[in-house]
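Let's have the full structure, built from the sequences with the hints guiding it.
Protein chains in written order, with the numbering used here: chain A, 1 to 327; chain B, 1 to 327; chain C, 1 to 327; chain D, 1 to 327.
Each hint should be verified, as a subset may be incorrect.
Said to hold, decoys possible - In silico DMTMM-like links for lysine to aspartate or glutamate, alpha-carbon gap of 25 Å or less: (1) B:Lys177 / C:Asp179; (2) A:Lys177 / B:Asp263; (3) C:Lys177 / A:Asp270; (4) B:Lys177 / C:Asp57; (5) A:Lys177 / C:Asp270; (6) D:Lys177 / A:Asp57; (7) C:Lys177 / D:Asp270; (8) C:Lys177 / D:Glu264; (9) A:Lys177 / B:Glu264; (10) D:Lys177 / D:Glu197; (11) D:Lys177 / A:Asp270; (12) A:Lys177 / D:Asp57; (13) B:Lys10 / B:Asp37; (14) B:Lys10 / B:Asp320; (15) B:Lys177 / A:Asp179; (16) B:Lys177 / B:Glu197; (17) D:Lys177 / C:Asp263; (18) C:Lys10 / C:Glu321; (19) C:Lys177 / D:Asp263; (20) D:Lys177 / C:Asp270.
Claimed, not checked - A partial selection of chain D residues facing chain C, derived with a Cβ cut-off under 7 Å: (21) Ile11; (22) Glu197; (23) Thr220; (24) Pro225.
Unchecked claim - Example chain C residues on the side facing chain B (calculated, C-beta under 10 Å, incomplete): (25) Tyr21; (26) Ala147; (27) Leu154; (28) Thr170; (29) Ala172; (30) Phe174; (31) Thr175; (32) Pro176; (33) Asp179; (34) Met181; (35) Phe182; (36) Ala183; (37) Val185; (38) Val186; (39) Pro225; (40) Val226.
No lab work stands behind these hints: they were computed from the structure.
Computed from a prediction, not measured in an experiment: that's the story for all the values here.
Positions of the beta carbon are idealized from the N, C-alpha and C atoms, including for glycine.
Protein chains: 4
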Amino acid sequence: MQCYAFLVHKIPVGVLGASGYAGRELCALIAAHPVFDLAFAAANAQRGQSIRARGHDITFIAPEDVNLEDAEMVFSALPHGTSLEWVCRARDAGARVVDLSADLRPGNGANETVPYGLTELTREQIGDARVVANPGCYPTAILLALAPLVTAGLALPGATISVSAASGVTGAGFTPKPDLMFAEVVEDFRAYAIGNEHRHLPEMNTVIRSLGGDHDIVFTPHLLPVARGILATIIVPVVDSLENPASVWREAYEGEPFIEIVDEPPALRDVVHRNVVMIHARRLANLREPALLVLAAIDNLMKGAAGQAIQNANLMAGLDETMGLPA
Amino acid sequence: MQCYAFLVHKIPVGVLGASGYAGRELCALIAAHPVFDLAFAAANAQRGQSIRARGHDITFIAPEDVNLEDAEMVFSALPHGTSLEWVCRARDAGARVVDLSADLRPGNGANETVPYGLTELTREQIGDARVVANPGCYPTAILLALAPLVTAGLALPGATISVSAASGVTGAGFTPKPDLMFAEVVEDFRAYAIGNEHRHLPEMNTVIRSLGGDHDIVFTPHLLPVARGILATIIVPVVDSLENPASVWREAYEGEPFIEIVDEPPALRDVVHRNVVMIHARRLANLREPALLVLAAIDNLMKGAAGQAIQNANLMAGLDETMGLPA
Amino acid sequence: MQCYAFLVHKIPVGVLGASGYAGRELCALIAAHPVFDLAFAAANAQRGQSIRARGHDITFIAPEDVNLEDAEMVFSALPHGTSLEWVCRARDAGARVVDLSADLRPGNGANETVPYGLTELTREQIGDARVVANPGCYPTAILLALAPLVTAGLALPGATISVSAASGVTGAGFTPKPDLMFAEVVEDFRAYAIGNEHRHLPEMNTVIRSLGGDHDIVFTPHLLPVARGILATIIVPVVDSLENPASVWREAYEGEPFIEIVDEPPALRDVVHRNVVMIHARRLANLREPALLVLAAIDNLMKGAAGQAIQNANLMAGLDETMGLPA
Amino acid sequence: MQCYAFLVHKIPVGVLGASGYAGRELCALIAAHPVFDLAFAAANAQRGQSIRARGHDITFIAPEDVNLEDAEMVFSALPHGTSLEWVCRARDAGARVVDLSADLRPGNGANETVPYGLTELTREQIGDARVVANPGCYPTAILLALAPLVTAGLALPGATISVSAASGVTGAGFTPKPDLMFAEVVEDFRAYAIGNEHRHLPEMNTVIRSLGGDHDIVFTPHLLPVARGILATIIVPVVDSLENPASVWREAYEGEPFIEIVDEPPALRDVVHRNVVMIHARRLANLREPALLVLAAIDNLMKGAAGQAIQNANLMAGLDETMGLPA
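In structure tokens, the structure reads:
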């Protein structure tokens with residue numbers, strides 16, 4: 001026999017850019033959140049339209065009709081370049097802000113520095129932050145996979161780390177483009193943003209440096225014929241042939257509610273609709289120089305975007321970090 | 001105004017292991033081939049069953065009912081381990097043989113050495129061969145992508161080459177397994193045979209050595225939710241920062257009917273149902289040590305299996321290498 | 001400010017045939033259920049294997065190791081023909097039973113009559129039942145769509161009702177078969193069990209008769225290249241040209257927690273992973289005799305199997321009917 | 001030993017609206033056609049862009065740069081409403097025209113009457129036509145399925161014929177729309193244009209009348225998560241319980257190169273990339289009034305659009321009807 005009792009004080013929150021994939025996911029998570037209460041969901045192109053999220057009808061209002069004072073917490077899922085202005089407005093109106101765009105992320109050239117919301121690595125900076133820069137989807141998977149090795153000095157100094165990653169099409173956004181239509185994507189697979197020039201690269205390099213690493217990353221993203229999910233396949237030269245590589249991650253992430261170190265290679269289906277990163281590490285055979293394979297899987301819209309944003313907002317609001325998040 | 005005239009002498013050919021994906025593709029290609037004529041299609045489990053291939057009905061006979069003398073050319077698409085015995089029988093019966101299994105491929109421990117049918121690299125050995133070992137699907141894409149760099153001495157000696165590759169599910173064969181069912185594969189993506197222990201690795205390493213390379217390959221295959229196609233994403237450290245990397249491949253493969261060097265990253269849809277490999281090479285930015293990205297795409301059942309087998313058989317029969325093959 | 005307080009007395013439940021798709025879904029729902037507690041999950045072929053359901057690890061035990069006395073409630077997701085024997089054993093051991101097989105469904109020739117668990121139509125029979133026959137997936141969608149029309153005498157007496165339905169592949173079960181492999185199903189669509197001889201037809205006809213209807217049903221199922229979901233497209237001749245057909249369903253199902261009458265044609269994505277049926281009805285234009293289009297969508301594993309089983313079990317246990325079910 | 005010899009006089013042909021799915025398929029078929037030679041491929045939005053079709057690079061020119069006199073035959077794959085003007089221009093410029101739009105199809109309200117290019121039913125009108133109206137994709141499948149029954153007087157007079165059909169997304173065109181994006185279509189299925197008001201209905205009704213039928217058609221189309229293919233599932237009340245229904249179609253279509261009467265229900269994968277319709281007919285059991293199930297499958301871009309257009313153009317040019325068409 002168990003007994004539960006709790007009191008709930010609701011916190012009004014707003015979403016800017018609510019009609020994209022991350023924005024919709026935010027609305028759905030907020031609709032199911034025990035404390036956050038949706039004050040407004042703004043979307044320019046889809047103003048006036050309604051969607052149904054977890055049994056709640058949500059109507060998008062025009063950005064100019066938003067009253068930023070209505071929200072104690074604002075999530076901006078606006079496009080890169082557009083977001084920063086609204087983040088400042090929301091902050092000036094007194095709200096605390098989680099910015100899901102790249103505008104304030106490290107390595108993106110912003111004049112202003114705000115805490116980077118890769119929660120497991122920067123948790124102590126989040127609670128008091130006025131504004132948090134929510135990480136990119138690929139960096140979330142890749143940095144959580146690399147951080148324990150880099151921090152422990154086990155990744156070979158100066159080495160090149162090869163990252164081949166694949167993402168579902170929601171990672172490319174909700175704006176209709178010929179290349180993202182069903183008949184173009186089904187039964188296909190291709191690399192994009194090739195040549196190591198993806199806009200997530202500076203974000204990753206900056207964070208690796210901040211962790212004490214001096215490694216070069218080669219990052220090749222691919223477009224998968226699935227709706228959701230990212231799998232990063234990472235080859236890391238290491239200083240020594242580790243007996244039990246998984247222990248590095250198990251120790252670094254002990255007690256983390258949203259990180260799972262697994263014994264088998266993670267599949268997208270293990271992580272979609274969940275706010276987790278699943279990591280698998282293994283020694284590579286048949287090589288003269290020791291190296292590890294590290295696999296990391298996330299849902300690009302959850303731990304890679306809206307889920308992590310809620311995770312950060314929970315901390316900012318003094319709530320349990322896991323509140324309202326499917327683990 | 002054009003005028004065509006030609007004489008056709010038909011060559012009877014047989015297929016062993018005809019009911020798998022590679023076997024069926026072989027039967028379909030043979031049905032449409034101007035010279036090869038299907039003498040028998042043997043399949044153990046599906047004996048007595050019929051399929052329709054390019055407008056021809058093909059009935060599988062039991063292996064014990066095969067009269068190997070009926071065929072001048074035999075294709076074995078039997079499972080690894082089973083194939084070698086039948087290859088020997090067919091050869092002893094006077095047929096020339098293309099073995100699509102791994103049994104006689106380099107690095108697979110066979111006592112006997114037969115020419116390796118990676119046609120563009122070994123063409124001069126194929127014409128007179130009694131038996132040819134048709135390459136594996138992954139090695140076809142990866143070795144054709146790497147050979148020009150290795151041969152030219154441009155791949156950094158001793159370096160580790162990182163290969164992340166993804167294949168459609170026909171690469172896993174036609175035998176029903178839970179992991180290959182639609183509901184398990186759709187919306188999923190995962191690595192398999194991880195840890196650099198895939199059975200294609202020795203084949204690739206042996207050929208790289210034979211081309212004068214001393215490189216280590218890290219090979220991580222993934223299962224794609226598509227029926228056909230392989231994309232290999234390859235990171236190669238190089239001795240120098242090449243101005244125009246594509247020219248290395250263009251020169252090495254000049255005039256090759258089944259190799260296309262392309263300016264954009266190849267997609268699976270560019271190559272499926274075609275007997276080609278599409279290769280794209282590009283310098284990698286943002287690295288201290290020079291390296292190239294090489295992408296190679298094939299149809300695993302065509303250039304990666306049945307198509308290349310026909311290509312080899314054409315040479316063995318003294319026909320035009322491209323006969324009956326969709327380019 | 002809200003305050004919640006409740007007491008939980010756990011009820012031990014068991015699952016037979018736990019390794020199939022319906023069985024796994026049951027285990028996952030039970031793992032997340034506030035009151036039901038998984039006492040055992042039995043599976044013959046996969047004995048000893050473990051799966052992860054909603055954060056709980058579930059290990060399948062062999063049927064012969066099941067102690068039926070351990071459970072107050074047993075769900076049988078065993079194959080048709082096999083289930084009945086176990087249902088009787090569980091009942092004789094004192095458990096109450098929800099049988100997801102066809103063995104005890106109306107029209108299936110069983111000697112014994114037990115309540116039919118199409119909850120919204122037979123709710124008053126469920127609470128006290130020792131054994132409930134959980135409906136088939138197609139009949140759930142089709143009968144919930146037809147019942148209001150038939151009961152109200154609006155479906156033209158003696159008329160033929162045409163039902164074209166399509167199901168995701170999980171409807172065909174988890175046993176590997178060549179026709180259900182990814183490469184065979186992707187990019188395909190086909191009718192099956194054609195000629196009006198599907199084994200769900202007697203179940204539907206019997207229930208229609210019990211509702212006072214004398215209609216003939218033509219039922220043509222199709223296999224969709226999706227994992228989950230059923231859409232039934234139903235053409236019903238009616239006695240009169242109804243002004244507002246949707247009102248028939250709205251009145252019949254007023255207050256039903258798991259039935260949604262919608263203004264737009266329902267899509268599979270509206271219902272998957274939810275224990276609902278979504279129904280849309282509309283007059284057909286351009287016809288001399290009045291007829292309606294009725295569309296009904298369900299998740300075949302939820303409202304079409306495991307979800308409805310939990311719904312029935314909740315009633316049998318005296319719990320809120322919606323407990324533990326995603327609406 | 002066989003000997004072939006033939007002379008080829010090339011016929012210049014042009015494509016208007018070449019950048020849509022039907023237009024691209026036309027370009028690809030023309031590129032592989034032994035006699036037709038692509039004089040121009042016009043596309044408004046994609047002017048200047050190039051695609052690769054069967055090994056030929058095709059560059060789209062702007063419509064205003066088209067010299068209609070360059071082509072003896074013009075295919076218009078322009079949108080409905082836009083096409084008619086260009087069809088007239090091309091005809092006035094001396095070309096013969098196949099119009100793939102609905103503008104001149106029966107039942108679409110055009111003042112002008114041109115032969116309807118459902119080739120197997122109207123073959124004798126095609127050869128001398130200046131302009132041919134190529135049928136819609138759904139009507140092609142459905143009318144070829146129904147014609148033999150209607151013509152023979154076997155479909156019950158006055159009866160309602162129920163047609164549930166499903167199409168791949170290329171049937172909805174190449175213009176990007178949110179509903180056609182991969183992440184919206186995958187794992188989904190829905191009806192559209194419901195209520196018996198699809199714009200193909202008048203075309204079907206008009207042709208049924210012209211064949212002597214007085215039947216009402218209820219037509220419910222659905223959107224499938226596949227790129228190509230249409231399956232029509234048709235329930236037809238018949239005057240009598242036919243012993244061998246398939247014989248009706250076998251006799252009506254004896255010798256037809258592009259119609260296959262099959263013993264098993266046809267699947268999309270049997271027909272994609274082929275210019276055929278596959279038809280299966282079967283008596284329905286468990287009904288008081290006799291009725292048949294007729295299934296018809298086509299590739300919507302081949303027999304349902306570009307393939308049939310080439311079939312008609314072959315006849316108009318005095319060529320073998322099958323020339324250049326994959327059967």
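For the pair supplied as a hint, Lys177 of chain B and Glu197 of chain B, is the alpha-carbon distance within the 25 Å limit? Cα-Cα ~21 Å, so holds.
Assess, step by step, whether the Cα of Lys177 of chain B is no farther than 25 Å from the Cα of Asp179 of chain A, and give holds or violated. The hint is violated at about 33 Å.
So if I understand the rule, the pair passes when the alpha-carbon distance is 25 Å or less; does Lys177 of chain C with Asp270 of chain A pass? holds (24 Å)
Would the pair Lys177 of chain C and Glu264 of chain D pass a check requiring their Cα atoms to be no farther apart than 25 Å? Within the cut-off at roughly 18 Å; holds.
Chain B contact restraint on Leu154 of chain C - CB to CB distance below 10 Å: Hint on Leu154 of chain C: violated, closest Cβ of chain B at ~38 Å, above 10 Å.
Has the given pair, Lys177 of chain D with Asp270 of chain A, been kept, meaning a C-alpha gap of at most 25 Å? violated (30 Å)
Classify the hint on Ala183 of chain C as holds or violated, based on whether any CB of chain B lies nearer than 10 Å to its CB. Holds: closest Cβ of chain B sits about 4 Å from Ala183 of chain C, inside 10 Å.
Please verify whether Lys177 of chain A and Asp57 of chain D have alpha carbons no more than 25 Å apart. holds (23 Å)
Would the hint on Ala172 of chain C stand, with a C-beta cut-off of 10 Å toward chain B? Since chain B brings a Cβ to about 9 Å from Ala172 of chain C, closer than 10 Å, the hint holds.
Closest C-beta approach of Glu197 of chain D to chain C relative to 7 Å, hint status: Holds, because the Cβ-Cβ distance from Glu197 of chain D to chain C comes to roughly 5 Å (cut-off 7 Å).
Hint check: is the beta carbon of Val186 of chain C less than 10 Å from a beta carbon of chain B? Holds, about 6 Å.
Under the criterion that the straight-line Cα-Cα distance not exceed 25 Å, is the pair Lys177 of chain D, Asp57 of chain A satisfied? Cα-Cα ~23 Å, so holds.
The structure shown violates the earlier hints numbered 11, 15, 21, 26, 27.
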